[in-house]
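*Asks:* Sequence:
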Amino acid sequence: MRQNQLPVKRQRGRPQIRSDEETRHLVIEAAAKEFQVNGYAGTSMSAVAQRAGVSTKTMYRLIPTKAEMFSKVVADRIHLFMLVIDDEALDLDGLVPALERILIAYGKLTLSEETIALNRLVIGESDRFPEIGNVFYETAVMRTNAAIETWLRRQAERGLIELPDPQAATGMLRGMMIMEIQRAVMLGRRNAPDEKEIAYRARLCAKLFLRGCCSKMRV
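Following the working numbering, the numbering of the sequence shown begins with 15 at its first residue and continues without gaps.
Mixed in with the good hints, there may be bad ones.
Capping the alpha-carbon separation at 35 Å, the derived lysine-lysine pairs in DSBU-like fashion look like this [unchecked claim]:
no., residue 1, residue 2
1, Lys47, Lys210
2, Lys210, Lys71
3, Lys122, Lys221
Because the hints were derived from the structure by calculation, they are not lab data.
Start from the sequences, fold in the hints, and give me the full structure.
*Replies:* In structure tokens form, the structure reads like this:
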């Protein structure tokens with residue numbers, strides 16, 4: 015006896031291979047490479063879509079403008095830095111290791127070839143495109159400053175360090191960690207440091223800084 019078979023319903027349209035979040039990540043990574051190679055003015059939305067392997071229609075739906083794309087590239091890098099210096103993890107480390115962790119994360123962020131290329135881009139093109147200068151300053155500089163300053167202020171409030179002006183101290187600490195190397199790399203005098211050099215410099219900077227803030231403590 016022949017049984018009646020139920021008709022199979024076909025799905026309309028092409029099935030979605032990846033989520034919008036995954037596609038957005040591909041676009042952001044592709045944009046970071048395009049900005050690094052071609053600068054802001056030289057980067058086109060179509061080139062980013064091609065590098066990411068997505069249609070321009072999809073890309074414009076997820077990230078509609080080049081300015082927003084640049085903002086997301088910067089914000090994505092800062093987000094990774096913020097995850098590394100999570101308050102709970104730092105509190106478990108102890109004073110010296112916690113500061114070393116912060117400085118290593120900050121060094122990896124700011125002394126990478128990609129970030130140095132973004133610095134060159136912002137310095138060279140922010141006169142023509144002031145939006146990229148605003149984004150870089152507010153999203154990158156201000157957020158990293160605030161994160162380091164908050165940690166220093168908390169240690170001072172706990173009585174672990176003596177620090178009358180955490181804001182000024184943050185600028186000094188950041189400069190001590192990256193300024194000399196970053197300037198030399200940007201001027202083509204040396205290559206970007208590797209992780210071993212960054213960790214070594216972070217250890218020296220942490221000890222030197224804390225010696226000045228902890229008169230009764232050997233570090």
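*Asks:* Is it true that the CA of Lys47 sits at most 35 Å from the CA of Lys210?
*Replies:* holds (25 Å)
*Asks:* Under the criterion that the straight-line Cα-Cα distance not exceed 35 Å, is the pair Lys122, Lys221 satisfied?
*Replies:* holds (19 Å)
*Asks:* Does Lys71 lie within 35 Å of Lys210 when you go C-alpha to C-alpha?
*Replies:* violated (43 Å)
Consistency note: the structure conflicts with earlier hint 2 alone.
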